[in-house]
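With chain A fixed as given, assemble chain B onto it according to the hints.
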Amino acid sequence: MNGHLYLIGSCYDSGQTYLRQRSFRAPLHLSKPHEDAGALVVNIVNPTAGIFDGDTIELTAEAETGASLVLTTPSASRVYRSRSGGPAKVRQTFRVQEGGFLEFYPEPFIPQAGARYQQHTELHVAAGGQLLYFDWLTPGRVASGEVFQYAELNWDLDVWCAGRLAARERYRLSPDDSSLESLRNVHPQGHYLGCFILGVNELPLEALEALNSPQVYLGHGPLSQGGFAIKALCQDSLSARRTLQQLRVILYQALEKQVPSLGRYM
Amino acid sequence: MLPEWLPWLLQVNDSQFPSGAYAHSMGLEELVQRGVVKKPDDLEVFLHRQILPGLLAFELPFLVRAHALAAADDHEGLRMMDDELDAWKLAAELRQASRQLGSRRLALVQKLDTDPSLAAFAQSGAPCHHLIACALELRRLPVAAAVCAFSLQSISGYAISAMKLLRLGQERCQLIIRGAMVALAPQLEGVISATPERIGWFNPLLEIASMRHARANERLFIS
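Keeping their order, the protein sequence lines are chains A and B. Residue 52 in my numbering is what sits at position 46 of the first sequence, and the numbering runs on without skipping anything. Residue 1152 in my numbering is what sits at position 185 of the second sequence, and the numbering runs on without skipping anything.
Next up, chain A with everything else stripped away, as it sits in the complex:
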């Protein structure tokens, strides 16, 4: 399938966010957005079973000046075994204009045994904009005995702050080499959390440090061009979810914003 989602969040004079432009095509769909804590919460739905090899999905979302947009997914994203030997490809771009805010908070990403997947992510934040981006990479279908059995994940990410490259990551994860070593070293079935928070000058360090525990190994630090990176290796899905929930609350405090409800049981 060749799907896409294009969204532009804009702002009425009243300060209310609305979708000025939206376009989507299967396998992506939007549920009815709702407003909470001053933000427009948009659930991105994939009504199919998941992502298959050969699928190409492009997701582009932008928060214009004054808009406050929260993008989330109601359920985990699964990538299935590649039958053709080729990958599924997802390209996602998130942009925030000056005075805008955008959060991307997806449910876990579950690459199943034999999955091949390429993801390219770009984050662009103008000076005076704020962006909160989360990633949650699971080891696979652990309950079915599939732990890090995906064939290949290519994970690319570029972060641009005020037009300058602030972070770049290029991962190729495969059981064929030692690329999974650092994921499995602390917790054999480790879940990886990645987060970027852009448009804040400081983080509540004590609160972040308190997230560390025998189940969670978390670090954080400033990027070269502003903003912060946070990474964590968690023992299992429960500790990963708990960490993300707490992290989200802490980071919203740093942004001096109320935490919008995602409209589902978490």
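No lab work stands behind these hints, which were simulated from the structure alone. C-beta: ideal position from N, C-alpha, C; glycine also. Don't take every hint at face value.
Computed from the model, here is a short list of chain A residues facing chain B with C-beta under 7 Å [said to hold, decoys possible]:
hint	residue
1	GLN27
2	ARG28
3	PHE30
4	ARG174
5	SER185
6	SER188
7	ASN191
8	GLY232
9	ALA235
Simulated restraints on C-beta separations [as the list claims (entries may be wrong)]:
hint	chain 1	residue 1	chain 2	residue 2	range
10	B	VAL1149	A	VAL148	29 to 39 Å
11	A	ALA43	B	SER982	56 to 66 Å
12	B	ARG1182	A	SER81	32 to 42 Å
13	A	ASP42	B	ALA1111	51 to 61 Å
Frame of chain A, contents of chain B only:
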């Protein structure tokens, strides 16, 4: 016949060359405190499973490109790569360590090599990452020598700092360095002849360790 660049390589790659590398563990100190690396065998596994693949997938292909630019006196291109390294190094402490090592190395190399372009680069406000400084310092050497020298610096940096963190003697340390270099050497030719378009390596453990080291209550090393 003795290659004319050999005495230069031996001098700048000597462990006594005052680049300040002895003060950095590059995240290893936190991994030892965390219990990930507890004994010499663990260090060996860490080097072979995490550091060597990172060199092959990221640093060395990056160095090959930087070396070509340095050899061609393309300082504009080199500056772009230097700035890009700031973005690649997510952990602030690793980023800062790389800049400190590079700046210090380049400052001394300027005194040994009076080529004014070196001073011009150092004074341009460039981050001067260690890898870029090595590319400049070794620009007149064959790229194979530069790649080999940089690999040895990286591996021995971890191994020598480990002597202060583990029960690890000089002899075992040298054996570990030798083992890592022997494992790496056959793959260097491939890195040089076919630099991949897409480079990078996944090591969140080392990144988190470095991020945590920055706030450690007690530590021996700067990084």
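Okay, the hints, checked on the actual structure:
no. : hint                              : verdict
1   : GLN27                             : violated, 30 Å
2   : ARG28                             : violated, 32 Å
3   : PHE30                             : violated, 29 Å
4   : ARG174                            : holds, 4 Å
5   : SER185                            : holds, 5 Å
6   : SER188                            : holds, 4 Å
7   : ASN191                            : holds, 5 Å
8   : GLY232                            : violated, 12 Å
9   : ALA235                            : holds, 5 Å
10  : B/VAL1149 to A/VAL148: 29 to 39 Å : holds, 37 Å
11  : A/ALA43 to B/SER982: 56 to 66 Å   : holds, 57 Å
12  : B/ARG1182 to A/SER81: 32 to 42 Å  : holds, 36 Å
13  : A/ASP42 to B/ALA1111: 51 to 61 Å  : holds, 60 Å
Taken one by one, the earlier hints fail for this structure at numbers 1, 2, 3 and 8, listed in ascending order.
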